[in-house]
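Chain by chain, the residues:
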Amino acid sequence: MPRESGTASEGRCVRRVATALLWLTCIASAPSARALSIYLDPAQAVLTAGDSTTTTVRVMGVGDGPSDAVGAFDVTLSWDPAVITLESVTFTDALGGASHALGSTTEGAGWVRLSAVSLLSTAALAAGQGDDLAIAVLSVRGLAPGITTLAPDGDALFGDARGVKLPITGTAVASIQVVPEPASLVSLGGGLAAYAALRRRRLR
Amino acid sequence: VKRLAALAIALACAAPARAGYLLVLDGDPGDYIVGDQHLEYTDADGHFSISGDARTVHVVVAAGNASWYLDFASAGTRTLVPGPYDHATRFPFQSPQGNGLSVTGGGRGCNESVGRFGVLELELDPNGVPRHFAADFEQHCENGEPASHGTVYYDSEGPPFAAPLDSDGDGVPDSIDDCPDVADPAQRDVDADGIGDACDDVYSITYLTIDSPAGDYIGQGKRLTYVPREGSFHASHGGDSVYAAFDGGSDWWGLTISPPTGHTFAPGAYEGAQRFAGPSNPGIDFSGSGRGCDATAGRFDLRELVYGAGDDVDSLAVDFQQSCEAFGPPLLGSFRIDASPQFGVLADRDGDGTVDTLDNCPDVPNPGQADSDGDGVGDACDSLADATFVRFDSEAGDYIGQGRHELYTGRNSSIQLEGNYGGGVSLSVTQGIDDWWLDFAPPSGERMHVGAFGSATRFPFQDPSVPGLDVSGEGRGCNTSTGRFDVLEYDVDAHGRLLRFAADFEQHCEGGVHALRGKVRYAASYFAEPGDRDGDGVPDADDDCPNAPDSDQIDADHDGRGDACTQICDVDGNGVVDRRDVGAVLAAVDTATTSVDDVRDADRDGTVTVLDARACALHCAIDGCAETSLVAAPEPSALALAAAASVALAALRRRGTR
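Residue numbers (my numbering), protein chains in the order written: chain A, 150 to 353; chain L, 823 to 1480.
Some clues are possibly wrong.
What the hints assert, rightly or not - What follows is a set of in silico ranges between Cβ atoms, one per label pair, in the way DEER data are often shown:
no. : chain 1 : residue 1 : chain 2 : residue 2 : range
1   : A       : Asp304    : L       : Gln1238   : 43 to 51 Å
2   : L       : Leu1321   : A       : Ser248    : 38 to 46 Å
3   : L       : Pro981    : A       : Ala247    : 48 to 56 Å
4   : A       : Ser248    : L       : Thr1302   : 36 to 44 Å
5   : L       : Ala1274   : A       : Ala247    : 45 to 53 Å
6   : A       : Ser248    : L       : Arg1233   : 21 to 29 Å
7   : L       : Ile1444   : A       : Asp302    : 29 to 37 Å
8   : L       : Ser1236   : A       : Ala247    : 28 to 36 Å
9   : L       : Arg1426   : A       : Ala192    : 41 to 49 Å
Source of the hints: derived by calculation from the structure; they are not laboratory data.
We put the CB at the ideal spot given by N, CA and C, even for glycine.
When you get a sec, could you build the whole thing from the sequences and use the hints?
As structure tokens, then:
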């Protein structure tokens, strides 16, 4: 169960502001043609080492017209493997679910590649998708204190319902900070206090 | 040496060893008699006995606690001879003009059954009792789908068996020949009494047809036709009421009609009929198979009525209409019992002597009604399906075909052929949500013929001096078009009805450079070879692409797989794009293409990407990309979505870093 803390609340606020700024930048620079933006939406921006959280991979700008849809994607996400590690990937039903889509994952240290294709007809696909689409959910676990970004690489490829490449005009990365476990903080604090007391005694 | 040679010759000429005694039983899942199992008995396992005569054979096999009883009977007074016997109903309750079959055992028997059997060998002893017998059989208990199949030998020589007997040499085995001693390959039997016209002295019409609409209680919404081989017909009268009946064992039907009371029956139309005749209304009551009406409303046309001796009716022809309980949807029926031919012969579109409602291939003449695979569809119609297909090869940029390559066959699609008003040929193709229309027409004043038709423009707006061509579908059509077509086969019957058509075509929409090319084959005679799934004239065993028509067998890269099998997205080369193929493309993302024709590179950009996988998903033969039953390559490595992606991830995690 994720623990709420003052640090976490601050981190979430920072994340929201950063995400909003990125979106403003993306929207301002977006061409008028149909184009996608990818953003990663972590459930927690601050994570205690040893705890897990999820990050949803979303795309915006799909459009909600009768033929607007994502029919396939191939995207690689990367992070600092010293800070977090990937536990699992779950594809959403956006492309048709297990019965009407195919997907695959490939992973290395600090990266994962997600590929999927819908088997639905163009019309059925468009009917099931809106302008804002969650395509996958990553579960990550904090390893050691530090800050890392979780970001798509520049080779992300998205196709529309007909298999035509969709231009990607912006990305919003997720920033995740891993903090030490509380027990470690208590030990560290106690050690520092003992050291200070010892210093004062020696000075007297 | 001479003695040894004589001995060798004697041994060689000695009677061949007989295969002996054998009973093999195979039951389909759900079969009541044998069950889902395979049983096999020889005379080492049990005791075989036989009895019967020239028309019936009974075999009993007693093995341990199990005893099996098999009965085979030919129709009427005909003798059993080697050959096929169809439409066999439960012995000994078969109709006088039908074949009988019964397979029972283990304490189990059918109340009703249908089936068929083939006599492979039959020889009688001097007393007329069978002594050598072999047959195979198939029986469906209670008329259900599951069957008991089997083979029985009684002191039989075993295979190879002699060819079925064909006394008159007309190509129709005696066992199913409606006139076995007079050559009548057409097997015409206009009065449908089971006796071919070639040897039918009594030319009269006997049948019952029932056309029951949905909601009708009596006919239960069925369309039924009964002819003499399926049961007995009888007509009688009592006073002025006439009673006509058909008794087919489990199915029986009866019609009572009367003129208004006080009137005498005479041919004519009788309106306002009710169940019981009154002074001002005639009577009608049609019932059967355990169902009857308390009240009726209807009418009938009495077309022929000839009274015989006593209560007999010698000839009856009546068409009737009845609403059960006076308000139900009307059932239509026709009774003919020894009626004169002018009062209606059942329709027989292909003129092969078997009326349409009983014909297993009503539009293609097939006098013997052969049905080798027992699917209820005659071999002639199976061949039609095999020799019928429409293929599209659309170039990228072609508006109509959208760059797709499609194959619609008579097996997986509805392909209809008819004449169009341009004096040519029109085809419609329907497969799921796919609809296509193709029109071919000669220049005005010309007849369609085998040959080349160049400079075609869009049908039906072509200039009178040029041919017309139009291929459209899925909501797309050209405003204008140019093209050509080559008619390879065009065959019509004496009535001008289209029988066969084969053509290749090329169409350019709006004068563009991108072509839609294709092939059309409808009942193409030279594509009707057995064992040729794609109907391209090359037997499957020799075909370098057995599921896609490629009569030219071109294999440019000499890999053993014909170029036709390099259909875009058809990675496993089985002629159909399905889920497996899309998975294979997805698994090959980032794989270098093997050639410019790599089927995985759907968009031909030189790289296999997820965009190709998506394009291939849209090429699937079935909406939703369901897998087809055709044999194909192994499963792709791509994973089904949500199918434990994390498990796969864990396995992949052990791989190195990029």
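So, going through the hints one by one against the coordinates:
| no. | hint | verdict |
| --- | --- | --- |
| 1 | A:Asp304 with L:Gln1238: 43 to 51 Å | holds, 49 Å |
| 2 | L:Leu1321 with A:Ser248: 38 to 46 Å | holds, 44 Å |
| 3 | L:Pro981 with A:Ala247: 48 to 56 Å | holds, 50 Å |
| 4 | A:Ser248 with L:Thr1302: 36 to 44 Å | holds, 43 Å |
| 5 | L:Ala1274 with A:Ala247: 45 to 53 Å | holds, 52 Å |
| 6 | A:Ser248 with L:Arg1233: 21 to 29 Å | holds, 25 Å |
| 7 | L:Ile1444 with A:Asp302: 29 to 37 Å | holds, 36 Å |
| 8 | L:Ser1236 with A:Ala247: 28 to 36 Å | holds, 32 Å |
| 9 | L:Arg1426 with A:Ala192: 41 to 49 Å | holds, 42 Å |
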